[in-house]
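*Asks:* The primary structure of each chain is shown beneath.
Protein chains: 2
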Amino acid sequence: MTPAPGSAPASGRAGSPPAGPSADPLDFAEIRRGVEDVLRCFLDERVRDLPHPKARPLVEHLRTLMGSGGKRFRPILCVVGWHAAGGSGTPRELLHLAAAIETFHSAAMIHDDIIDRSATRRGHPSAHHALRAQCTAPPGSDTSTWFGAGAALVLGDLALSWSDQLLYRGRLDIAQLRATHPLLDTLRSEALIGCYIELLATGRHTDDLDTPVEINRLKSAKYTIERPLHLGAVLAGADPAVLDTCTAYGIPLGQAFQLRDDILGVFGDTAATGKPALDDLREGKPTLLLAIAQSRAAPDQRERLRRLVGDPLLDDAGAATVREILTATGARQEVEDLIESHRLRAVAALDERTLPGAAVTALRQMAETVTRRDA
Amino acid sequence: MTPAPGSAPASGRAGSPPAGPSADPLDFAEIRRGVEDVLRCFLDERVRDLPHPKARPLVEHLRTLMGSGGKRFRPILCVVGWHAAGGSGTPRELLHLAAAIETFHSAAMIHDDIIDRSATRRGHPSAHHALRAQCTAPPGSDTSTWFGAGAALVLGDLALSWSDQLLYRGRLDIAQLRATHPLLDTLRSEALIGCYIELLATGRHTDDLDTPVEINRLKSAKYTIERPLHLGAVLAGADPAVLDTCTAYGIPLGQAFQLRDDILGVFGDTAATGKPALDDLREGKPTLLLAIAQSRAAPDQRERLRRLVGDPLLDDAGAATVREILTATGARQEVEDLIESHRLRAVAALDERTLPGAAVTALRQMAETVTRRDA
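Just so you know, the protein sequences line up as chains C and G, in that order.
The numbering of the first sequence is the working numbering, which starts it at 41 and goes up by one.
The numbering of the second sequence is the working numbering, which starts it at 41 and goes up by one.
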């Protein structure tokens with residue numbers, strides 16, 4: 041195993057920068073714990089320094105959300121990216137960068153749940169539902185519902201703001217800041233604009249296959265896989281070739297990640313996903329799965345899909361009908377095949393270039409995890 | 041005129057740092073133009089580098105909002121703070137810091153208008169109204185309304201994200217970043233938490249005078265006056281005594297600023313404010329003006345206020361009745377007296393310390409402007 045060319049660290053600071061490629065396998069559970077420790081300390085401090093005591097339930101909700109598991113794909117990939125570019129260990133600045141990405145993700149989840157009217161997140165009430173309890177108006181009233189949405193909007197804004205503060209707290213040097221900050225901005229802009237493109241397409245019942253692929257590219261491929269890898273890599277001073285490999289691996293894997301999500305959103309087990317199985321269908325989420333089904337459907341199937349998908353009152357019987365059509369048209373199998381071919385393409389990208397062995401092992405493992413999960 | 045002690049710049053970079061106190065009077069119009077140039081270039085670039093062409097109407101709306109005037113109190117005060125701490129000129133990093141504050145303000149306005157259900161901002165449709173035009177669902181339908189709110193939510197998130205990117209683009213050195221970044225974070229957290237405290241109190245019909253004062257402290261005094269001054273001042277390496285003067289001036293002036301806003305919200309001329317005169321009353325905004333009226337009102341007046349304020353269908357006749365009660369109880373005059381006493385207290389703070397003359401002149405002028413405006 042040879043070190044990746046150009047993997048010299050951006051920082052020359054003692055202690056943190058890598059000396060060479062890492063040899064030990066990367067322990068995802070340990071990375072997760074490291075990032076969670078940073079987040080816990082940061083949020084404890086936020087509670088302590090609150091500008092007004094009445095805002096405490098807001099931050100407590102964020103603490104619960106951020107402490108309630110989650111798969112932490114993005115922070116883990118950030119650390120893997122660092123190792124891919126020759127970094128070693130998990131220095132303070134890396135864990136803070138990873139925690140910044142995860143904090144932005146919390147903001148995005150809180151705001152997404154408002155837009156999607158999702159009542160549940162990770163098996164708990166979503167922010168705009170939970171925060172209704174802080175309102176003195178009767179539960180179920182318009183005032184209470186509106187209050188919950190407003191409070192969750194503010195909480196998402198706080199989390200978005202704090203994602204920057206976490207990066208800053210990592211005490212990156214100016215070269216590291218110059219390398220990471222514009223890229224963190226890009227990650228956020230791409231994710232947000234992906235969310236808008238999805239909103240534009242929601243409930244449109246189209247067999248246009250390009251739009252879901254475009255949405256997945258921004259909201260999943262770039263946001264979930266490629267950019268977190270890039271961020272860790274540029275922190276370690278990666279050269280463009282390493283970033284290209286991250287892209288060649290990240291874009292197909294991110295597409296596969298989202299396709300698995302879409303399948304789980306319709307066929308998944310609620311107990312495992314923590315998300316009601318009807319949400320995606322009721323919302324009319326513009327997935328590739330549905331677009332393929334539309335394009336393959338017979339006229340009567342197409343008509344039934346149009347009637348059922350996007351119906352906010354869709355019941356279990358209706359959802360079962362949609363599942364039957366998705367299976368009967370072969371759309372489900374086509375998506376499963378796409379997931380596998382994307383995964384293979386991602387893994388093949390790792391063979392074209394010699395990255396440090398620990399990073400390659402971690403990237404292979406991650407490719408399994410994101411495509412074959414049940415939650 | 042002697043230079044403020046401790047006004048040495050944080051930066052030793054050639055070109056930008058101050059040599060001594062500024063002598064020429066500060067030209068607010070010129071500051072405004074400088075900040076607007078930075079914003080225009082930044083937004084042009086955002087449009088050019090959009091991750092997806094369909095997102096263009098989002099950024100175009102932001103460009104229209106940010107280009108449509110606005111009083112630019114916060115960026116101007118940021119520049120005044122720089123001069124108060126002995127800075128000179130308007131170097132690149134200062135204008136970018138000021139533009140970062142203004143960009144956050146745009147995010148806050150866009151999200152505030154969603155929460156307040158305001159249809160208008162600066163005489164134009166608010167973001168969540170304007171962006172409905174991008175939805176293919178029939179205008180006036182639930183889908184179109186929900187789409188507008190979701191699109192505005194995303195746009196506010198983009199603007200919030202970009203406020204950091206503007207700071208970064210100013211090419212501050214590491215000492216300047218260490219001085220300003222945590223304070224920008226504080227400004228944002230205080231403003232957002234103030235917004236939440238206001239949401240908690242909205243429509244409560246209380247004669248509690250403390251809550252509006254607390255809301256005004258966070259949402260206006262700190263956010264609009266004190267923190268922008270502090271940000272400019274710390275960029276120039278201000279010592280704690282300069283920051284204390286900014287606080288002693290900023291907190292009372294900010295209270296006065298908000299009280300003027302509350303009066304304009306009820307008694308103002310829509311043509312000048314760009315905001316329908318019924319919005320604050322229909323929303324039941326928890327102002328000190330209304331709390332004082334509640335505390336002074338006779339039982340029948342109190343009953344009428346409870347019935348009318350917060351009624352989303354309030355008409356002109358109802359608003360006229362509220363205005364009569366606010367005047368008859370003496371609440372309006374009491375608020376006018378408070379504005380004047382706060383203004384005097386702010387200006388008096390300037391006499392207790394020798395700040396550079398140009399800054400003092402600007403601060404006196406600003407005290408007039410924010411308290412005696414009609415828009």
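Since the hints were derived computationally from the structure, they do not count as laboratory data.
Here the structure is a predicted model, which is why all the values come from computation and not from measurement.
Misleading hints may appear alongside valid ones.
[Said to hold, decoys possible] Below, in silico cross-link-like pairs of lysine to any residue (SDA-like), each with a Cα-Cα straight-line distance of 20 Å or less: (1) C:K94 - C:S108; (2) G:K94 - C:K94; (3) G:K111 - G:P165; (4) C:K94 - G:T246; (5) G:K94 - C:I303; (6) C:K111 - C:I303; (7) C:K94 - G:K111; (8) G:K111 - G:I303; (9) C:K111 - C:E343; (10) C:K94 - G:R103; (11) C:K94 - G:E254.
*Asks:* Now, for every hint given, state plainly whether the structure supports it.
*Replies:* Cross-check of the supplied hints:
Annotation: proposed proximity of K94 (chain C) to S108 (chain C) is violated, straight-line Cα distance about 23 Å (limit 20 Å). Taken as a hint, the K94 (chain G) and K94 (chain C) pair is broken in the structure, with Cα atoms around 40 Å apart against an allowance of 20 Å. Straight-line distance between C-alpha atoms of K111 (chain G) and P165 (chain G) comes to about 18 Å, which keeps the hinted pair within the 20 Å bound. Note on K94 (chain C) and T246 (chain G): the hinted pairing holds, with a Cα-Cα distance of about 17 Å set against a maximum of 20 Å.
Restraint check for K94 (chain G) and I303 (chain C): not satisfied, since their Cα atoms lie roughly 27 Å apart, outside the 20 Å limit. Between the alpha carbons of K111 (chain C) and I303 (chain C) the distance comes to roughly 17 Å, so the proposed pair stays at or under 20 Å and holds. For the proposed pair K94 (chain C) and K111 (chain G), the alpha carbon gap of about 31 Å is over 20 Å, so the pair is violated. Between K111 (chain G) and I303 (chain G), the direct Cα distance comes to roughly 17 Å. Compliance with the 20 Å bound is thereby established for this hinted pair.
About 37 Å separates the Cα atoms of K111 (chain C) and E343 (chain C), which puts this hinted pair outside 20 Å; it is violated. With a CA separation close to 35 Å, the supplied pair K94 (chain C) and R103 (chain G) exceeds the 20 Å bound. The hinted pair formed by K94 (chain C) and E254 (chain G) meets the criterion: a straight-line CA distance of about 11 Å does not exceed 20 Å.
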